[in-house]
Each structure stands twice: as C-alpha cells, then as structure tokens.
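Enquirer: For reference, the chains in residue letters:
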Amino acid sequence: MERLEYRCRGIVKGYAEGYAMLSIKPLNLLTIDYDGIINDHTSSLNGKSIVGKVLIFPNAVGSSVGAYRLYALKVNGKAPKAIVCMKADIITASAAAIASIPLVDMVDCYKDMLNTIIINHNVNVIVDADKGLIQIQLLT
Amino acid sequence: MQLSKEEEDALDGRYGDTLALAYRVLVAIGNAMDADRLVSISWAHVSGVNYNTIGDAGLTFLEDISKGNAKVRVMTTLNPMGYDPSRVNELNLSDEFIEKQNRIMKAYERLGVIGSYTCIPYEALDATFLPKHGSQVSLAESNAAIYANSILGLLTNKESAISALASALTGKAPYSKLRVQESRSARLCIDVKYDMHTELDYALLGYYAGRFNEDCIAFKGIRQEDIFIFSSATKPYAKANAKALCSALGTSGSAGMFTLNYQETIKERVEFTKHDALKVMDELSNADDGDVIVFGSPQLGLDELSTLLNMLKGRRFKKRCMIFCARSIYSKAKDLGYIDALEKANASVYCDCCSCLTPLISRDDVDSVITNSVKAAYYLRSWNRVGVCLSNMKSIVEAECV
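Protein chains in written order, with my numbering: chain A, 1 to 140; chain B, 1001 to 1402.
Okay, chain B solo, but in the shape it has when bound (with noise of 0.2 Å):
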C-alpha cells in the first residue's frame, strides 16, 4: 500500500504513539484486502464501548491511547454501552461495572467521540448529520454498516471496532472491497422461495445468506416497498424489515452489503425456502416459552415503537419486557407519549444499551428469554447461556398480553 510522506510520519511515531498504532492497524488491513492507498472518510462509528464486550485489556486500551492528546478527525459516533445510567439504580449491577464501563466512557469522551451510545446511528442521529450518498465512511457495528452500504448508499467496509476507531483518529480508511465502486456488486443471488411475512421471515434471511460468506448479497424475489425505506411506495414496516435482515446478516456473516440488484447472468445462485427458513430456526431457537421478552438488537426506533402500541392495543404484557432503544429515539418517543405507554403496558425502555452481551439479562434468574431479534438470539443463547423463544412481534403480542 501506498502512503503519503505525512502518513509514513505518522506510521514511524513523529505524531505520537496512538497515532502511529492507528495507522499500524490501517496498514495491516490495507495489506490483507489489497488496498493500494488510504482515503478520507468523513464519519467514524465505533464499537467496543460494553465493558462486557471488551473487557479489562479493552479498558486499559482505550485509557492508554486516549491519555495523550490524540483526538478524532471525523464525526465519530459511539455503540452501545452497558447498562441505561437514567437506571442504574433499579439494574443490580456490580459497583465494579458500572466504574469500569464510566471509565470507559471517559476514554472515549477524552477521543473527542460523540456519546451516541447507539447501534441505530442511521436513525438515531438527525438526518442532516449523516454524510451524503455517495460518502466514505467507516461504521464498525455491523448492522449499521450494512444498513449504511445497502440503503443509504454509504460506502464502508465491515468495520471492527478496531480498524473504525483508527479511520476515526487518522480520519482515513484503506481503499478496498467495498469502498470501491466496481466491486459493489453481488457474485451470489439468493432466490427467496419463502413467504417473506414477519420482520423475522427477513433475520432469517439474512442470518441464512451470512453463511455463504461474500461481501455482497443480491436476493431475488423481495419486493423493494417491503424494505427500502426511500421507495414512493415504503411501507410502514419497510425499516423493521431492512433492520432485521442487516443485524442477521451481520451476525452470521462476513458480508458488508446486499442489494436486489442483479445482473440475470450471475452465475453463482442458491434457493432460500421454508425448510432453510425453520433450520434457521431449528439452530436458534430452543425453546417454546420464555421469563422476559426481548425486543431490541437492533436498538428500536420511533416507527417500531408505534407499530408495538398498534399491536397492543392497550393491553399489557403478562411478563417482564425489555425493550431497547437509543436516548435520542426514547426522547422524542416521551414526547409523543409512547413511552408512557409502554410502561402502562408493564414494559420497560431502556437506552444507551442493547440485548447484545448485556449484564442486565443472566442466567441466575432467567431460564430463557421471548425475542423477534436472531441477533439477540445468538449472543443470548453463546453469551447469556440462555434459552432463546424466537417468534415475531405480532405473535409474541397476541401470546404474552392481556
């Protein structure tokens, strides 16, 4: 890979230690996918912020390249954390936690990072802070990253939380894969042969296509109302829908991107049917009936909140729900009185988190949990050690309220 004379200085230390670490991890990526050269970005969005998730080296990692002066060079916008602090004190969580993950926090906040504290900043964040179609960008939550290539026209790899925290402190992304214009286009079409109803019917999909393991997905047989939200025809549920198959997708997965383009001579296709659909199921799912009910990872937004009221219907859910969404989302939701409701309806929200390694669900007092989200499903069930109930929204309501 090429790099310019400012950033060969950087890579030999003259801009300090953390500067040089970030462009050490640009270079080693830039070198495994073939990039020839670095390109500017103009928005970060890092993960690796739960302490759950990265743990004590993460803590000291971050306290360490945040102690200088080093700072982002783009907008940079943060995951989710740990725990809702508007909560704290109803979550029985350990002092030792809630300091490490404040810590953490502290490191990012030093970094000059927006305390986003999402998975949904394509939804979360006001519109006229998101880049332009057309833009580089480095997203390293992997739905937000594939929502960012396949509907907004954002151009991003599927980050880590590493290679995005470096692109937001050099400000720039080696130019590769899907960041390059031509390679933006599916090998694989999946033919879908399946009866596309629930949001679930879509994270089926998607955890199903993760598998085959290409950067770029095409499917055949999804209408373009039913999940691409800027269509003159979007249905309501369009967004639950692309928000489902792009956390599934990124769960199973190394694809960065799919779209429903494709060129009718692709050669490579395969069939999703409803016997992939229940293997799917058959691998997440493992039990008939759960203690809480989940919904959230993806964090919700306004529109899933709304359509959850509608399902309701003023009835109340029999058992604990939890229900996740991001701090910008919640607000405007209290205004228009959903969360009000919500609780009514013996559901909690909460913010800055999501059901992806959590403290706030374990094994001590929860034999399984009720879910619409195969991405909570598999970090519940590996992570939680858990049971997971994985039905759609509609049918969990119908089931669990009076």
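Looking at chain A on its own, in the form it has when it is part of the complex (with noise of 0.2 Å):
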C-alpha cells in the first residue's frame, strides 16, 4: 500500500486513523446534527456521515456553537477521530480542545496533501498530531 507523508502542526495532541471526509469549503460545524451528518445545502458533503472519519477542512465558519456541537458528537461517540485543517480557527481549536479530539493543520503543505486525496479519492489519512505527521494511504 503506498503512503505519502506530510509535516503539520499539533494544535490538540493525539493519535488517529480513518477514512478521509474532505470538504474543500469551509464548514460550519452548526449544520452537523447529532447523528453526525451534514445538513447543510450549500456544502458539497450535505447528506454525508462524519462519524469516525478524519475530517479535513480548510477551516470552520460560521456560527460560535459550532464548538459545542463537535463536543457533542464526541460524547454521543459519533465525533471525527480527527481533525485536519488547513488553518486551525478558533472555532475548531477550542472544540477540539475540549473533546480532546486530535487536531492539525497544515499551513504549507495542505494543498500538495488536498491533490493527493482528490486524484485518489479514496484514502485513509493517519494523523499523529504529537509528532506533527500526517500519512496518506491510497486504498484501492
């Protein structure tokens, strides 16, 4: 199985691996329900599930209690097992903080991993962010 790295920032430590949900708009974390899925109409993952995916996302927008609602999702055990952003916001920094859900970002290379998951489409990410690592695996 092939694997490409890439160097990011810990902004919450931890260690993680799962199938890649990729929104190359910026999401606000409100229009996640409880059940972990996407409602909003305006975003390309509308329908979608997050649960147990590593979410990856330029940043948040929006409304200020989206951070409740990831707190949430990792209580009901429906949260993303990590977070990977382009630029980590306060939103998400401050949600992931506190549901001590791995997060990173990944100011200079996020572009070079985003082409990466578009061509293959279909990857797991593995996101150690104590080590500021990111690993890409191509499923096929």
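Because the hints were derived from the structure by calculation, they are not lab data.
Ideal Cβ positions, reconstructed from N, Cα and C, are used throughout, including at glycine.
Just so you know, not all the hints are guaranteed correct.
30 Å max Cα-Cα, derived DSSO-like pairs, lysine-lysine [said to hold, decoys possible]:
| no. | chain 1 | residue 1 | chain 2 | residue 2 |
| --- | --- | --- | --- | --- |
| 1 | B | Lys1106 | B | Lys1334 |
| 2 | B | Lys1067 | A | Lys87 |
| 3 | B | Lys1279 | A | Lys13 |
| 4 | A | Lys13 | B | Lys1067 |
Covered, in the sense of this in silico footprint (three residues per stretch, anywhere, with C-beta under 8 Å from a C-beta of chain A), are these stretches of chain B [to be verified]:
| no. | segment |
| --- | --- |
| 5 | 1040 to 1053 |
| 6 | 1056 to 1069 |
| 7 | 1082 to 1093 |
| 8 | 1158 to 1169 |
| 9 | 1251 to 1257 |
Work from the hints to combine the two standalone chains into their complex.
Expert: Here it is in structure tokens:
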C-alpha cells in the first residue's frame, strides 16, 4: 500500500486514523446534526456522515456555537476521529480542546495533501498530532 | 505561547478543574493563532445558550463546570436562549425542552453571568456598560463580534462559544489576529458595483463577502452614513444596514471585521455586482411565498421596530408575523406604545430568543418562511428545514399587509 507523508502542526494532541472525509469549502459545524450528518444545502458534504472519519476542511465558518456541536458528537460517540485544517481557527481549536479530538493544521502543504486526496479519492489518513505528521494511505 | 506563573498554575489545575479547562482552551487557540501571550479583556459575550444549539452534551458540560466555585472574572453577557419565558403558555414546547433550557440558564447564573439573552448586546445594553473604544473584549456571537470590531472600535476575534466562555472565566484571551492593531487592515477589497437600497442588499453583500475567508474585508463604494451609526450624517436606517451586513458576514465566513478604509495599493480586489447579489439570493431563497413572516436575526432594536411601524401605517399583517427582540428593547418599546401597535398589526413580539435554531418554527406546521434576514434564511433552511422567501422589510410589509 502506497503511503505519503506530510508535516503538520499539532494543535490538540493525539493519534488517530480513519477514512478521509474532505470538504473543499469551509464548514459551519453547527450544521452537523447530533448523528454526525451534515445538513447544509450549500456544502458538498450535504447528507454525508462524519462519524469516525478524519475530517479535512480548510477552517470553520459561521456559528460560534459550532464548538459545542463537535463536543456533543464526541460525547455521543459520533465525532470524527481527527481533524485536519489548513489553518486551525478559534471555533475548531476550542472544540477540539474540550472534546480531546486530535487536531492538526498544515499551513504549508495543505494543498499538496488535498491534491493527493482529490486525485486518489479513496484514502485513509493517519494523524499524529504529537509528532506533527500526517500519512495518507491510498486504498484501492 | 508564554504564560505567567499564575497562568501556568491555573493550567495545571491549582485553581480547580474549570479554570484548568478554560486555560487549556486558551492555550490551544493561542497556539493555533500564533499568539505569544494572553491579554486581559473587559467584556465577554457568550453564545451556546439555546438548548437546541448545545443539546444534552452542552447542558452537562455547563452543569459540570458550574458545580464548583468558578465564576466569570469580567462582565459577561449571554446570547439568546430557546424561548420567551413570559409567553411560554402559548408556545407549545415540550416540558423536556423547557426543563433543559432552564437548567442551562441556571448553570450560567451560577457562573455569575448576566442573563441578557440577546444577540445584539451592543444595542440592548445601556451604552454606559460598553467598554470604551480600543478595549479588548471577547464576543462569541458572530454578528456582535463583527459589529464591535467594525463599528464600535472594540478589539475581539470572532470567538467561539467555548473560547468566549474561557475568556469570561479567566478574564483573558490570546493576543493575536484582530486583537493586534497592526492586523486590523484588509488584504481584500470588495468593490460594490450594485445599487444598495435596502437592508437585504447589505445582507447579500455580507454573505458574499464572508465566502472570501479573510479576517478583515474592505468595502469600496459604500457610503459611511448608510452604515456607520456614529457618523454625523448617519441615516436612520444605518443601524439596520450594519446589523444585516454583520450578521450575514458572520454566517457565511470567518471574517471578524469589515472596514471602509483601505489602501489604494491593496492588491486583491473583487467586485460585487447585481449578478453576485442574485446568486446569493438564489442560494438562500427557495420559495416565492411563505406561511409565516419572521423579523430577526439579529434581534430587532428600537429603531427597527419604529421603522416597521412607520412602514405599516396602521395596516395589519395578513399572516402570522414573529418579531424577535431583546428584553431591554421590549421594555422601552412597550413604554413607547410600539408593542401594542405591533400586536394590533397582528404581530407577536418575542424576547430572550431569536430565529436561529428556534424550536418555535417547525416543519410540522410551516412550509416556508418570509424573512428579510439572510442569517435566519440560512439556519431556517439548514436546521428547521423549511423553505425561505427572502425579501426586504418594506416589500414584505407592502405584500403581506392589508
């Protein structure tokens, strides 16, 4: 299995791996329902579940209460396993901090990683926030 | 990020679990935003009050952190909750919702928060309570943060519910982004090439601008007197325009500020044309009509209630009309006779709550809603799952009143 490695910045510590769920556009976390389904008709992930995935998005937008939504998902066992941002923002960082969800951002090589995921579509992501390392596994 | 000895101790739990958690949040945000230290703030406005937005997990979280003796360190105001307690009998809410909503309020009270239940603290609070120009504050409600930065000259980032709460409990915030004077300039200028007539036009511009993912956005082609409340030539509708712009900008994006000042040398420029305005309308407005009229998000201020009455000219709404306003505004409006006049016009005025994630509008009995609020439109569609017909206040009154 082919693996690609990227450097990242650990914001909230932890290690996790999971299937990549990518939103090209920023996400409004408040539009994720308590079952982990995205309900935003303006989002490309509308109707998709983020449960147990590695959620990848540039940053959060919109509601300040989105932080509570991510926390609720964690409490209910419906949270993403880890979050990868282009540049972590206040909403996402504060939510990941109270929910203990590993969070990394990658200011420098986000676009490279994005391209890899877009081209290969079907990938697993291993997030090591402690070491500041992301691995992409190409699935067939 | 460099912490003082006392801050380190608090982070290590020496002053209790709640304060340790608050510092953990501030450190995570500070690291994400490359802050080198914490600064003191003088006001926090906390969101995450409506049971519909924070749910059981949020309720338990707030009850946990308010169990001990943790108290807010600075003046802290609260965003709207889920319902109007003074009208609870007419609101067909489940006992469970009311009970859980009340527990949330109690938890905040234990922390020493002021139960303002408003998303327009800049308008609902007595002006003497607002910190002076240039003060560091921590406002979570996005429209309030943008309004405070852009119009009141206060310094805040677009805080999250959790980061503003952490700031309230510690009296501190990471010194970064819009808190730093030098960072409060725009890198992007939006050249407004669209005739801006109504509050809805400003909201469409805001929603469009938010999509650019900038901290601070400059607008060219907007007149100061149409939007800035402190200009000597300010128009009576300026505040409504500003609120529409701030709330829509906060809904679609991450920007915490806009400005009408920009360097002519600013490189990144885009236009806002009629085509762009129509595209936003297309994205948000999917109904030609509605069963209910909704005014508010943000909650209406005294000026907007007065404007609405002037537009009504004694006419009545043909259908149910819900108006959301702050409790303190309601009291003043009551004294002025506005509330009685609005009720005579077949409108219901609700306090302490607003249209975002409201339990008061359900798909069970509403197909679609008519509103002038882009923020309401976004959440009514995505959360309440009802259709939305967007129109400006004047057109709504003309079309829906007899």
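Enquirer: For the segment 1082 to 1093 of chain B, count the residues whose Cβ lies under 8 Å from any Cβ of chain A; is that count three or more?
Expert: Three-residue rule not met by the segment 1082 to 1093 of chain B, so violated; n is 0.
Enquirer: Taking a Cβ-Cβ distance under 8 Å as contact, does the segment 1158 to 1169 of chain B have three or more residues in contact with chain A?
Expert: Our answer is that it holds, as 8 residues pass the Cβ test (under 8 Å) against chain A, meeting three.
Enquirer: Given that the segment 1251 to 1257 of chain B was listed as covered by chain A, double-check it with a C-beta distance under 8 Å for 3 or more residues.
Expert: holds (count 4)
Enquirer: Taking 8 Å as the C-beta cutoff, is the stated coverage of the segment 1040 to 1053 of chain B by chain A satisfied by three or more residues?
Expert: Answer holds; 4 residues pass the 8 Å Cβ test.
Enquirer: Checking one constraint from the list: CA of Lys1279 of chain B to CA of Lys13 of chain A, max 30 Å. Satisfied?
Expert: Violated, because 41 Å separates the two Cα atoms, which is more than 30 Å.
Enquirer: Checking C-beta pairs, does the segment 1056 to 1069 of chain B have three or more residues closer than 8 Å to chain A?
Expert: holds (count 5)
Enquirer: Keeping to a limit of 30 Å between CA atoms, is the pair of Lys13 of chain A and Lys1067 of chain B held or broken?
Expert: Holds, at about 27 Å.
Enquirer: Is the hinted pair Lys1067 of chain B and Lys87 of chain A satisfied, with a Cα-Cα distance of at most 30 Å?
Expert: violated, 35 Å
Enquirer: Starting from Lys1106 of chain B, check that the Cα of Lys1334 of chain B is at most 30 Å away, please.
Expert: It holds: about 27 Å lies between the C-alpha atoms, which stays within 30 Å.
Checked against the numbered hints listed earlier, the structure breaks hints 2, 3, 7; every other hint is satisfied.
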